[in-house]
Every structure is written in C-alpha cells, then in structure tokens.
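Those letters in the sequence shown? Residues 1 to 229, per the UniProt record's numbering, in order.
Hints were generated in silico from the structure; no laboratory data involved. Misleading hints may appear alongside valid ones.
The calculated DSS-like cross-link candidates involving lysine-lysine, where the alpha carbons are at most 30 Å apart (straight line), are [to be verified]:
(1) Lys87 x Lys54
(2) Lys21 x Lys54
(3) Lys21 x Lys60
(4) Lys90 x Lys54
Now the in silico label distances, taken between C-beta atoms and shown as ranges [stated by the list, open to error]:
(5) Ser209 x Ala34: 31 to 41 Å
(6) Gly63 x Ser209: 30 to 40 Å
(7) Arg150 x Gly63: 38 to 48 Å
(8) Cys188 x Gly6: 18 to 28 Å
(9) Lys54 x Gln174: 27 to 37 Å
(10) Ser209 x Leu9: 25 to 35 Å
By construction, the Cβ of each residue, glycine as well, lies at the ideal position given by its N, Cα and C atoms.
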Amino acid sequence: MPVPAGEILWRPMGSFDQNGKTATPTGQRVRVPAFHIMADQVSQQDYAECVQHKACTETKAMGQSAAPQTNLSWYDAQDYAAWLSDKTGKAWRLPTDREWQRAADTAFGDPAPEADGRDPGQRMLEQYEQGIFYRGRADLSATDSQTAARNRFGLAGISDRIWEWTDSCMQNGQLDADGRVRTGAAYCGARVVGGQHQALIIDFVRDASVGGCSVGLPPDFLGIRLVHD
C-alpha cells in the first residue's frame, strides 16, 4: 500500500542522559518520504513458502493459514526480505522506525514522558505503568489479518496484537538543555519494534514475552511487515 510523504512527531528510542541524569529526548517534527508497505503482516503461508525454499528458518506457530506468522526474530525478517526480493524483483526491507510510525498513523502511541528532572526511578515506574496500560488494551491472541481493522492507509492490524520489527537501532547518547540529542551512538544488537507503543528488542529474540526486551514492556507477539521504495 502507498503511504504518502508526511510529518510525524518522532523521538529516538534508547538510553539517554542529561547532566548526569536519565532523560527522554524531546519529540521533533521530521518528514518521512513516501514509500510502499505491505497491507498485511507476513502470513503463515507466506513464511512457510520461504521455509520450503530453504531461505528461512522454521519457527513456532507455523502453518498454512492467512494468520500472521509470529515468533520471528530480526534475523528471520532479514532472511524473508532477501528471499521475497529475489522472488519478486523488488527490494523489500524492514521499515525504519520513522516509516513504521508514519504508517501506523493515529494508532501510534508514545507513552514516554518528557524529561523534567524527576527521579529516574519514579520515571521508570511511570513508564512501566503506562506499558501495562497499553498492553492491557490488546487482545493477547493473534488474529487473521482479514478480520483486523484497517487504518486510513489500508493497513490491517498495525499497532495491535502483533508487534512488528523495524530496521532502526537502539540509540545511546547525551541530550542538550532542550532535550535534543547532542552526541550519540547506535547499538544495533537491539532494534525498535512497533505495536501499542514502541520498544527495543534484542535482535535474535523470537518470543519477547519470555525475555530479551531491552527497553519497554515486552511484546506478546513478534511479526514482520515489509516496505519498498
């Protein structure tokens, strides 16, 4: 599905400090170029075909249905994107966190509080409580994409039960007085995933509910939805 260019209020995901204290970057308006994205998450039957061609690795909850394939790591997503690109002749890839947020549109939730000098422990507790709230709104079972609601871009199930990998890395850095990133470095052993809000997950993890969540409350399901330019 085509997603037109547009602006989003974006903040980097990661670990930041400001004057020696843990802080959250302020949001900034950024423009996201137009791109195309899958209307539905990669299904069980889609992923099974990749496995049959020995281009993807078997995982749990496999089948031949139109239900989204879950229990997928970032590496599984890379393998599937490479196989689909060879099959179709299009350069499929994971979206950036900015592209994913743009595609999620009004369904995107950003529960992170602004940096305001509060005690880091209190801020972490509030973030956890907000995560519980967002997680509690979701039905904890995967669903056939044909029954999922679609947003104005025609995307089914985005910001819903299944969290989706992006290609964006965790960021670490220092913030200036305005809350903008002054210095930073990427740590690509953890990637941003998008769902009810965004979280950081270790790249080899398939089931974040049992561990491997770097930042944020762990997602219940991990799946993929690819893009191309």
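Hint by hint, which ones does this structure get wrong, listed from lowest number up?
Of the numbered hints given earlier, those the structure breaks are 2, 3, 6, 7, 9, listed in rising order.
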